[in-house]
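Participant: The working numbering numbers the first residue of the sequence shown as 1 and each following residue consecutively.
None of these hints come from the bench; they were simulated from the model.
From the three backbone atoms N, C-alpha and C, an ideal C-beta is built for every residue, glycine too.
Careful, some of the hints might be misleading.
As a list, the in silico DSS-like pairs of lysine-lysine whose alpha-carbon atoms are at most 27 angstroms apart [unchecked claim]:
no., residue 1, residue 2
1, 411, 13
2, 303, 344
3, 303, 411
4, 13, 303
5, 64, 411
So the derived label-pair ranges between C-beta atoms look like this [as the list claims (entries may be wrong)]:
no., residue 1, residue 2, range
6, 393, 80, 45 to 55 angstroms
7, 470, 38, 20 to 30 angstroms
8, 393, 424, 50 to 60 angstroms
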Amino acid sequence: MSPEGIAETSPKKAPPLRIGNASGFYGDRFDAMREMLTGGPLDVLTGDYLAELTMLILGRDRQKDPRAGYARTFLRQLEECLGLAHERGVRIVANAGGLNPAGLADAVRELAGRLGIPCRVAHVEGDDLTAAHPGSLAAHAYLGGFGIAACLRAGADIVVTGRVTDAALVTGPAAAHFGWRQDDHDRLAGAVVAGHILECGTQATGGNYAHFTDHPRSTFLHPGFPLAELHEDGSSVITKHDGTGGVVDIGTVTAQLLYETGAVRYAGPDVTARLDSVRLTQEGPDRVRVDVVRGEPPPPTLKVGLNRLGGFRNEVVFVLTGLENEQKAALVRDQMEAALANAKSRPSDVTWELARTDRTDAPTEETASALLRLVVRDADPEVVGRALSGAAVELALASYPGFHVTAPPGKGSPYGVFEAAYVEQGAVPHTAVLPDGSRVRIDPPARTRALADLDEQPVLPEPLPDGRVRRAPLGCVVGARSGDKGGDANVGLWAPTHDAWRWLAHTLTVDRFRELLPETAGLTVVRHVLPNLRALNFVVEGLLGEGVASQARFDPQAKAFGEWLRSRHLDIPEVLL
């Protein structure tokens, strides 16, 4: 008994906060919101609708109609699901507000009134810095989660935001629920990691998974969306609703954890999470525990995504069939170059790419054909329009044998450019607009720390002993997932076993990486080591030119970059095969 005569009891552990995801991008599975609301218990349902390319698309929408600029799909989903969310007491947090969160909040209120469903709506704003960046179609700072937290603490049922970090959709509800402060860095870092795993929806439950052939094909026909059981200490369990498709295991979670990340210090507006501290444990079927995440103060600056129109582009793909395809490509290239040179104005950027998709002695015409792709860019739409289409069409009867194209070139289309800038955290008017209309300014973090490389070098495992090797694809041993961040690409690779990690850590150096992927020649390649995950993360700077909207590359978002790397052959120890 205590001195006051009251029995001492240990404090009750707060139940986990169940946060689900129902959207990984603008255009994701429409029925996911209903599936998540009806599939099992939830406290909060999030939706990520924004990406660099999406902001450009919404910017062009806003040019046509100032009332536009948000993800209209979200409203259509709510029309079907707002009643379900109200009945089940599930709060909804989404960045579908895009460039116009206030407009979307008003539209949600109008929808709720029309449906007769009581609903308290709030929104977060202050990210729009377009006026301060002349020439930008959209310039938006990446905000953290404390504006969302303020809205939820004020009783909001639905919170819509503009440009926040993807992980803020989880850190905000967690901070509101558990009462976290801005200096609870370890807890916030755990929520950031959980949020990063959830943000791309079914990529955490087996979608786009390198080792999909390890499971029956039916497993991945309709993967369920993920959810996190988040605890007060920042740890979480990644899972999905019972009975849904897909898989949640250490491999699927690792793949998503490596997606579109860079250095070991994963910086955000709320906290810098140490990815090298993350520990993953298979807790049971479709349950992966994420814990021991360390956090550090966030940087003093916020990232600002600048989207602008870069000009106009056009392309034509020549089909080369059968024999002497190299010579056919050379002929039509010389003809097109001469025509463009004689045009009134030559496009400022002309690129050629020959894809040798043809096979020798092919059984079908398509498999006997190679593709020669010509892309032109210029500030003037006429230069990439008539000049290209006229030159290509006029060669129809005057070029290589079997001349044809996949489609005749048309008018030039606009393309976008993404750039990143940085502003002081305190210079951005991060504001929560509460359900009653009152406005709360969110203070920047009191403690910040500039990003820096790690002082200590990660400890590598002992190399695998020498032994017999066999020439085989890298993907026989490791998994990979790749993606884009502006003009940079990253590819994360992980080993499923300790022995495979011993080999990978010492074999796949930056020099070997460049050797396997010749397209990286001349570009800066940085290797980051994550021993806890048995993973390497390579960042290739400038591979994607000026970002996805510029379409500078065949695979403009580097989605298949990792699969290309896995297909490359090298000498692999037979004990691993």
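Participant: Does residue 303 pair with residue 344 here, judged by a C-alpha cut-off of 27 angstroms?
Facilitator: This hinted pair is violated, its Cα atoms lying about 42 angstroms apart.
Participant: Keeping to a limit of 27 angstroms between CA atoms, is the pair of residue 411 and residue 13 held or broken?
Facilitator: Measuring from Cα to Cα gives roughly 63 angstroms; hence the hint is violated.
Participant: Falls inside 20 to 30 angstroms, the C-beta gap from residue 470 to residue 38?
Facilitator: About 50 angstroms separates the Cβ atoms of residue 470 and residue 38, which means 20 to 30 angstroms is violated.
Participant: Hey, residue 64 versus residue 411, does the alpha-carbon distance stay inside 27 angstroms?
Facilitator: holds, 20 angstroms
Participant: For residue 303 and residue 411, compute the direct alpha-carbon distance and say whether it is at most 27 angstroms.
Facilitator: violated, 35 angstroms
Participant: For the pair supplied as a hint, residue 13 and residue 303, confirm whether the alpha-carbon distance does not exceed 27 angstroms.
Facilitator: Measuring from Cα to Cα gives roughly 36 angstroms; hence the hint is violated.
Participant: Lying within 45 to 55 angstroms: is that true of the beta-carbon distance residue 393 to residue 80?
Facilitator: Holds, since residue 393 and residue 80 (Cβ atoms, about 47 angstroms apart) stay within the stated range.
Participant: Taking 50 to 60 angstroms as the hint, is the beta-carbon distance of residue 393 and residue 424 inside that range?
Facilitator: holds, 54 angstroms
In summary, the structure is inconsistent with hints 1, 2, 3, 4 and 7 from the numbered list given earlier, while agreeing with the others.
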